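Q: As a plain string of letters, each chain reads:
2 protein chains.
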Amino acid sequence: MQIVSCNMSVSVDGFISGPEHLDAGFDRVQDWAHRVFAWRDRYGIEGGAQDPDSDLFETLYASIGAYVMGRGMFDTGEEPWGDEPPFHAPVFVVTHRPCEVLKREGGTSFTFITDGGVEQAVARARAAAGDKDVHVSGGAKIVSQAVAGGLVDELHLHVAPVLLGRGMRLFEGLIDTVELEIAGVAESPHATHIRYRAMPTTKAG
Amino acid sequence: MQIVSCNMSVSVDGFISGPEHLDAGFDRVQDWAHRVFAWRDRYGIEGGAQDPDSDLFETLYASIGAYVMGRGMFDTGEEPWGDEPPFHAPVFVVTHRPCEVLKREGGTSFTFITDGGVEQAVARARAAAGDKDVHVSGGAKIVSQAVAGGLVDELHLHVAPVLLGRGMRLFEGLIDTVELEIAGVAESPHATHIRYRAMPTTKAG
Chain D
0 MQIVSCNMSV SVDGFISGPE HLDAGFDRVQ DWAHRVFAWR DRYGIEGGAQ
50 DPDSDLFETL YASIGAYVMG RGMFDTGEEP WGDEPPFHAP VFVVTHRPCE
100 VLKREGGTSF TFITDGGVEQ AVARARAAAG DKDVHVSGGA KIVSQAVAGG
150 LVDELHLHVA PVLLGRGMRL FEGLIDTVEL EIAGVAESPH ATHIRYRAMP
200 TTKAG
Chain P
0 MQIVSCNMSV SVDGFISGPE HLDAGFDRVQ DWAHRVFAWR DRYGIEGGAQ
50 DPDSDLFETL YASIGAYVMG RGMFDTGEEP WGDEPPFHAP VFVVTHRPCE
100 VLKREGGTSF TFITDGGVEQ AVARARAAAG DKDVHVSGGA KIVSQAVAGG
150 LVDELHLHVA PVLLGRGMRL FEGLIDTVEL EIAGVAESPH ATHIRYRAMP
200 TTKAG
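Residue numbers (numbering that gives the first Met the number 0), protein chains in the order written: chain D, 0 to 204; chain P, 0 to 204.
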């Protein structure tokens, strides 16, 4: 069955980065990913550990048929991703600025959704993904909106063993509209991987 | 070897309670604890599950020789704890208001530390605990100070599968002065238990 999932790396104190995007705090939170083969291979970087943390990416990448992201993530990534972005699948970008569909090498396309927000982007991605899953990639705001909107079936948190003290929070201002259930935990020295099933809340309050 | 530990229950989004102390959000975050036998037994409440979550409390309680807490936690707890508080050990309360030592039934005493803050309270608790461990119980501010001050050897987080959206954060304003290492993870349907070893940071920045 097709699911919609998010994967987010966070510090123990709930930050996805320090005060700036892609800063030293971000690097510390993402270190568990940046050190493994599967992640590096996808971004064309040599080396990397072939271990259970890497396997986690292999499994994830193999399952995804389409992506959703916010405009901020697209704008930050477009240049470094280059002519052959690492998605190899349709990507739906939530934005207010209309833009033609961008086709890239290796099967990646970027379609800009200006109407209907993240809900519409997820619907389009679901249709484009076929039998495969949909991944809401980021940033934190789009992920929070998708989770709060009941659009996400599984939330995968990768809790890195770092305290940042300050920075950008994953769930800033999220409203309490979903219930979570622990679907599985994987231990590693580099991060604690917790999978949650998310369901629209049935409780009052 | 004697260690100083903290045990804190937090929501997935990093809150220890909703906006008010001991509110519905607090109950949701603490539910994994309030449902088990070992916790209930200690507070004189009947029933409760006898399962690995309960065993976790048994092991913790058996290891502790002295406690440290903030004045807020003492003030909130003093009345409900009654004549025989659940500690059965010396408790050192960090405060600015001097107060005589309070002796209670069952081996609990409350000593008020007005000089030297949490550092002095931990030192006193270490001496009082003998061969046993010291537990920094709360509230969040004292725990954060103790962690940031390098006074805590092990931080045990119990991540409850709930999103609160708003409330009191565990690590509000914590400064980045410690490094963490994952010491162990225990999975349960009710909370993900992560033990971190904490060490003063050696890195710049």
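Since the hints were derived computationally from the structure, they do not count as laboratory data. Quantities reported herein were computed from a predicted structural model and do not represent experimental measurements. There could be a bad hint or two in this list.
Which bits of chain D does chain P cover? Going by a derived footprint, with three or more residues having C-beta under 8 Å, they are [claimed, not checked]:
1. 4-17
2. 159-170
3. 176-183
Computed, partial: chain D to chain P, Cβ under 10 Å [stated by the list, open to error]:
4. Gln119
5. Glu186
6. Ala197
Heads up, the beta-carbon is just placed ideally off N, CA and C, and yes, glycines get one too.
Q: Please go over all the hints and tell whether each is borne out by the structure.
A: The hints, checked one at a time:
1. Closer than 8 Å: that is the beta-carbon criterion, and the segment 4-17 of chain D has 3 residues meeting it against chain P, so the requirement of 3 holds.
2. Coverage of the segment 159-170 of chain D by chain P holds [criterion: at least 3 residues with CB-CB distance below 8 Å; count 9].
3. Proximity of the segment 176-183 of chain D to chain P, defined as three or more residues with a beta carbon under 8 Å from a beta carbon of that chain, is established by the 6 residues found.
4. Given hint, Gln119/D at the interface with chain P, is violated; its Cβ is 23 Å from that chain's nearest Cβ, farther than 10 Å.
5. At about 4 Å, the closest approach between the beta carbon of Glu186/D and any beta carbon in chain P falls short of 10 Å, and the interface hint on this residue holds.
6. Hint status for Ala197/D: holds, given a least beta-carbon distance of 9 Å to chain P, under 10 Å.
In the structure shown, a violation is registered for the earlier hint numbered 4 alone.
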